[in-house]
Amino acid sequence: MQKRELKQQWIFLNKMTKKEDQQKRKKPKKSEERIEKVIVFDASTLISLSMNGLYPELKKLREDFDGKFIITKDVWHEIIEKPLGIKKFELEALKAKALLEEGVLELPNSVGITQKQLSKKTNTLLKKANNIYKQKNKKSVEIIHKGEASAIALIRELEKKGISCLLAIDERTTRMLIEKPKELQNYLKRKLHTNLKLDKSNFKPFRNIKVIRSSELVYIAFKKDLVRLKDGERVLDALLYGVKFKGCAISSDEIKKIKKI
Amino acid sequence: MKEKNNILRILRETREAMQEENYSKVKTLSNQTINTASLTQDPDNILVAVIVYSLNKIFQNKDKKEFSKKSRFYKKTVKALDYSIEDIEKNNITKFRKDFEKIRKELTKLSGKLKSHIEDVFRKASINKASKLYEHGISMERTASLLGITMYELANYSGQRETPKGIPDSETINAKKRIKTAMDFFE
Numbered sequence: 001m002q003k004r005e006l007k008q009q010w011i012f013l014n015k016m017t018k019k020e021d022q023q024k025r026k027k028p029k030k031s032e033e034r035i036e037k038v039i040v041f042d043a044s045t046l047i048s049l050s051m052n053g054l055y056p057e058l059k060k061l062r063e064d065f066d067g068k069f070i071i072t073k074d075v076w077h078e079i080i081e082k083p084l085g086i087k088k089f090e091l092e093a094l095k096a097k098a099l100l101e102e103g104v105l106e107l108p109n110s111v112g113i114t115q116k117q118l119s120k121k122t123n124t125l126l127k128k129a130n131n132i133y134k135q136k137n138k139k140s141v142e143i144i145h146k147g148e149a150s151a152i153a154l155i156r157e158l159e160k161k162g163i164s165c166l167l168a169i170d171e172r173t174t175r176m177l178i179e180k181p182k183e184l185q186n187y188l189k190r191k192l193h194t195n196l197k198l199d200k201s202n203f204k205p206f207r208n209i210k211v212i213r214s215s216e217l218v219y220i221a222f223k224k225d226l227v228r229l230k231d232g233e234r235v236l237d238a239l240l241y242g243v244k245f246k247g248c249a250i251s252s253d254e255i256k257k258i259k260k261i
Numbered sequence: 001m002k003e004k005n006n007i008l009r010i011l012r013e014t015r016e017a018m019q020e021e022n023y024s025k026v027k028t029l030s031n032q033t034i035n036t037a038s039l040t041q042d043p044d045n046i047l048v049a050v051i052v053y054s055l056n057k058i059f060q061n062k063d064k065k066e067f068s069k070k071s072r073f074y075k076k077t078v079k080a081l082d083y084s085i086e087d088i089e090k091n092n093i094t095k096f097r098k099d100f101e102k103i104r105k106e107l108t109k110l111s112g113k114l115k116s117h118i119e120d121v122f123r124k125a126s127i128n129k130a131s132k133l134y135e136h137g138i139s140m141e142r143t144a145s146l147l148g149i150t151m152y153e154l155a156n157y158s159g160q161r162e163t164p165k166g167i168p169d170s171e172t173i174n175a176k177k178r179i180k181t182a183m184d185f186f187e
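Order-wise, the sequence lines are chains A and B.
Those letters in the first sequence? Residues 1 to 261, per the numbering used here, in order.
Those letters in the second sequence? Residues 1 to 187, per the numbering used here, in order.
Think of the hints as simulated: they come from the structure by calculation, not from any bench.
Treat the numbers as computed from the prediction; the structure is a model and nothing was measured.
Glycine included, each C-beta is placed from N, C-alpha and C at the ideal position.
Treat the hints loosely; a few may be bogus.
[Claimed, not checked] Coverage of chain B stretches by chain A, computed from C-beta distances (three or more under 8 Å per stretch; other residues unrestricted):
#1 37 to 47
#2 137 to 149
#3 175 to 185
Whole structure, please, built from the sequences with the hints as guidance.
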């Protein structure tokens, strides 16, 4: 697919959701009056689910959820635009594209957040995140990229609107940055054989974000009986290891603990 | 180019190891570039890591006549390495990039199955190095972007690998607590 076509599609999707949003504003149904909950998805979580063939389960989870599943344009680029040009991943990209078209995943403008607004916030956060760990020579280690930063930016914008959010992210670094920045600092120091200082002032915007992974999503799908496979507890084990082997940063110990819950 | 002296040392030692047909040493040398690549995220360091790793994978098949010491490709590769070393010594970094890229270009000139094999080696080398950067604490998306691969490739590859010791794979918060957070959100 040509890049131009994709851009047109992005514009089309944006217009479509904007139109739907306007219609909703004109005639609000009682249940749609206010969005209170949003799960913001990073590319890594969608990739783990997709590569395990779990999009139908994600769709069922969405139907069961009283809120929205949202991705940013940068995540859209990672899971759809970029892989569409690579034969090996074209199918994965098309499956993700279908989720957007079906409304399982939505874009930020479905909750009234513009791309311009989000880009500005993303750039600010990206700059801050990549200036948290400083070397002796004052240079910083750049640890995250646009997709991850944009997901966090979106959460901050949604919170301003009083919407509670969860970040679904499977990759390890961003999660550690949010939940255990000091541990990440020690880890980076060890791996990079260099002394690093933590600049706490730049860390502030990453505090108090609630994080889940595909492992928690498959657990919920299993407990709510939304998984197509029916083979007792074995299915849960298979789901958890399935996402682990497709990139979800979860340890075998954690899997054992989750299975015991 | 960052850490120029380190790159120069790696290339000189790679050249020697090629001469001795000591390809396991070539692999070790490629791993030595990862620290610098993670820290500086300098494209030259990343390029050296990928190409040197690929050389190990390609020329360790020395029994194949196309990759033996007498082959045209071996000679061209060594020549390109010599030019690249000379370029850095003369501080001509633009010429270094051209000369060093010639290694990849020459090797992909092969025809048929070998061509696709070589292309595959370079692609896999990029994925391998990306997973190393990810292990070093650089995020998945940033790593994929630096190495020019997709996140699907990286997630698939790093998911299959044994988690190396010392990586806090992840109980950054209690597993039970995280499940509860997720469950409550779906209530």
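Hint by hint, here is what the structure shows:
| no. | hint | in the structure |
| --- | --- | --- |
| 1 | 37 to 47 | holds (count 3) |
| 2 | 137 to 149 | holds (count 8) |
| 3 | 175 to 185 | holds (count 8) |
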